Amino acid sequence: MFKRIYDWIDFRLGIRETFMPMLRHPVPREIAGPLGWWYVFGSASLTLFLIQILTGIGLALTYVPSADQAYESLLYLNYQQPWGWFLRSLHYWSSSAMVVLVLVHMTQVFLHGSYKYPRELTWLVGVLLLLCTLGMAFTGQVLRWDPDAYWGVGVGASMAGRVPEAGPTIVDLLLGGAIIGGDTLSRFFALHVFVIPGALMFFLAIHLWLILKRGISAPPKAGARVDPATYDSEYERDTHEHGVPFNAEPILKDIIFSALVVIAVVGIAAVAGPKGPSAPPDPTLPGANPRPDWPFLWLFALLALSPPSAETVIMLILPVALILALLAVPLISNRGERAPSRRPVAVLLVIFIYTTLGALTHLGHTAPWSPVMTAWSSDPIPTELIASKERTLSPLQLQGAVVFQNKQCRNCHSLDSIGGKRGPDLTHVGQRMTTDQLIDQVSNGTPGGGNMPAYGKQISPAEMTALVDFLTQLVPLGAAPARTPTQDVP
Amino acid sequence: MLLSGLASAAAATVVAIPGIGYLAAAACRKLKDQVDWVNLGPVDEFPENETRLKTFVNPLGQPWDGITANTGVYVRYLGRQSFEHQFQVFAINCTHLGCPVEWFPQSGLFMCPCHGGVYYANGDHASGPPPRGLYHCEWRVNSANQLEIQAPHLPTLQRTLRADQPVRG
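Going down the list, the protein sequences come from chains U and S. With the numbering used here applied, the first sequence corresponds to residues 83 to 572, in that order. With the numbering used here applied, the second sequence corresponds to residues 29 to 197, in that order.
Please note: incorrect hints may appear among the correct ones.
What the hints assert, rightly or not - Which bits of chain S does chain U cover? Going by a derived footprint, with three or more residues having C-beta under 8 Å, they are:
(1) 92-106
(2) 119-125
(3) 133-145
Just so you know, the hints here were simulated from the structure itself, not pulled from any lab data. Predicted, not measured: the structure shown is a model, and the values here were computed from it. All residues carry an ideal CB built from backbone N, CA and C; glycine is no exception.
Just chain S, with the same shape it has in the complex (with noise of 0.2 Å):
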């Protein structure tokens, strides 16, 4: 009796330990520690003032991704403020629930096609149902004066691109 419960019990134990360690590790992968920088290229590239649309492989896949590993942020050049350049990079993400908005340069506007939310060129929110503004990207300019920005994950709102970001706003 004592013996078929201790054999059990250890059965039970060597099945579990791997068992249960694999599932945790895959249900809860977590974000990789090292920061990736992306490339998006000279800095010449991008007009002042203007937003455009630059995709990438997201280099935060797998490496069987496929064509789901692009990734595109919106890319706005402010120009020069005292001698360094300044950018604003978007994640394509809606901050509603996450569809990807489209960037209208006629009326500077970006639109998303799900629930109608719209933000202004700078990101802010302008109307419709998002609860804060375009989630922002950490951006630098390296030696070589080339854009390169944080491979962004899915942002969510307690999730943000930038840990300085207030959560709402």
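Looking at chain U on its own, in the form it has when it is part of the complex (with noise of 0.2 Å):
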């Protein structure tokens, strides 16, 4: 019955001639083994992709895209809304999962070679895919609409900026209006659910339609070079007389990984929950602390690190080159070795650009140039450096510890490890410096504008003499204080 109602249908459209060739199509027999493995990342980074669509499809038949009113549905979303916490974590968690397997997908094609000959279009597709994926994420941290999301607009408005002559009008396009607001939040609305998915959507049918049209690169072997005047029958021959269909063992090992990827992310949704909203999103609330989620840390990390005068440069000149270099790859190597031990280069880039990234983001999460703004009222000076058996401050002292907790010294300086740590820890400052140096290096600063401001206007003759008594004598237990070789010794 039932199939003799599908055979009806399929006589009419055509599924099984149009779709069976293409699921059977035939792809290097070693795919069917365990090499098949390293095969898997891109279709489980699409099963994410679905994941999203029906989450995000789930999300919009609440959320208000509307700047008074977005923070309120995302609360309603998060208490109120039966799973709707739910679909929220899993739109997120989701959202990183395919993030990562995206980056590893295109790790693996890079390590492989399998971007050569002729699947170079297949990967600068696959970088637009990538461009994609991390424009949904940018735009889809906007649509948390809480202080990261706002002051996360107002970072990207003040880099387009900075582009010369077409910065302001590029502020224009992106907030829509005079400050960050309504016409914000609605452009990018837009844009994260219509126009990057739609984008999205087009160009992975290409790509899709590249793996079918060019076939699944064989496993490389060290020494199979790619030549593009052989390469084609050598591979028409070995896939047709050795190949295996794709839809015998490679898809069991595509739905087995796609299939853990999704557990493993539910489970990641339900244990770790949402993400924010953190606050709602009032520009003049005290206290904001904007940090951007994770796969722009990095950047984050990189606009803090680099001098002042090459930041416009990396800020706009940075960001271009690296596409482009990515666009390049298969166009400067599309022939010859493919294995991974034949093309040390490769490799060696790969770690590089990892250890970049990975540390650039550690720095992004710690963030260590960032003053603390409650050190100075939350961490109190630690006790052992004001009373302890073997030391006794004098009242003047006393009074330096509390001019240094009250003009913010901690929230750059640490003691004991305790406090902000954009300046020196200061917890044998006394060992380094002399009553002369610090009293110039704390009323002029570091000179020339560099990294401590000068105190000299804000700070009086009687706080002076307090504050670097109490730091003169912050050395370790026994040990000398700081001289200059032309004072005498004590």
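Hey, can you piece these two chains together into the complex? The hints should help.
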């Protein structure tokens, strides 16, 4: 009965006729073996994208893309809508996993040289898919309409505002108005829900079409060089004579891995819960400490660490250069060895890129350059630095400790590694600097607008005396204080 | 052949004109030409040589902006100079990448939570990555002795809040 209905439909639609050859297309024999596990990352990214579409549609049923109600609708999703918290959580964690898997997929393709002839275009479209994925991650973060989202747009606009000539126009385009507000949210909603997903699906269709047309690359063998003159006939011969149909073993690996990824993501989403919204997007709320989502922490770190003179160049040229470099990969080398063992530069590049991104992401996470805005009022001076058996401070030095707290020195300087990390730890500063040097440093700051502001105008002579008296006695027990060579030994 | 070509060209034109017009208007919505002045209250509410965070609803926004239309500026009253009230009004945005700076009256510094930019009480750059001092808003004291400022847009390096201000400094 069902078969007759199916046959009736299929005769008219031609499903079997069209799609069965696609599913059955021959792939290299090795993919049926253990090496086939290298080929599962692309399909897993696709599976996560499908989850993003479904959860995204679900969220759009409740989310209000309006500046005055977006935050409330997110709270409603988190706390009132049944399963709303889980949908938000899954959408966030699945997007994170999608970024990870797209990167893993890309790295695998790069290491195995699968982007070489005749699959250059597949790589190029893949780079566009990576950009779409990151674009979704950024615009999605904006829809979370909390201070991170609000100030994230501000940072994006400030960067764009530095583009020579066109800067202000690009800022207008981004914000849709004079301030970050309803117009801004509406346009990021349109980008996140219509424009970028549309582009992503379009590129995805081309990506998949190219995979069907040019076939899946065989696992690389050292010594087997890609030569455009002979590659096609060899690939054709190998896959048709020895190949296996895709819908036999290879597709099972894809399904198993995708299933494991989905189970893991659902598990993480259930345990970790949704991200934010952290607070209402009120630009006048004090204590905002904006941070981007993890895929952009490396950029956040780079912007803090680059020298001011090179900053605009790094901000505007570097992203373009990175994208162009990725696009250029198959144009620079589309032939020759594919095996990583014969391509040391490729392997080193991967190690270098991931080490750099990892280090920057870690730095972005800890953000040692950011003043700890509350350190002066919430981190008391460690007791052993003020009173212990071996150390007794004079009243003037105690007064200095109070000045040290009140002038927000702790926001940048730590004592016993508690406090800000922007400036050096001052637990033993008395061993490094003399009274004169300290007075100079505190009143004039780092010369030339460096790391430390000049406190000369914001500190009275009496406060300065007390502060420096406190700092100079900060030496390890039994150690001598710093002195200049011309000074007499006390 | 000719007829179908003409017909599709005509159709494309009549669809494209309003479409492109809408997109261009929505994409490049120009800042309003008229200047909105925001009243920040009587001059005597600002103690001399002190800095206050003053918040208001920005008239440059849309009616549906909600709390995102809330805008903060730092107002510093410098007292009278030759019988005229003197103020400095700073946008809350760091000149590095636009994050909100926080005022610390004890040390007389503005600090930025993002990348560690620091400014002095007069708005000058003190340390960290910002390329210039804080953005100054245009201000005036009206006949009722109340402080008014020009409603600030999101200031960026090439479009500050004051026309006469150098881009870098």
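**Prompt:** Of the hints given before, which are not true for this structure?
**Reply:** Those not satisfied: there are none.
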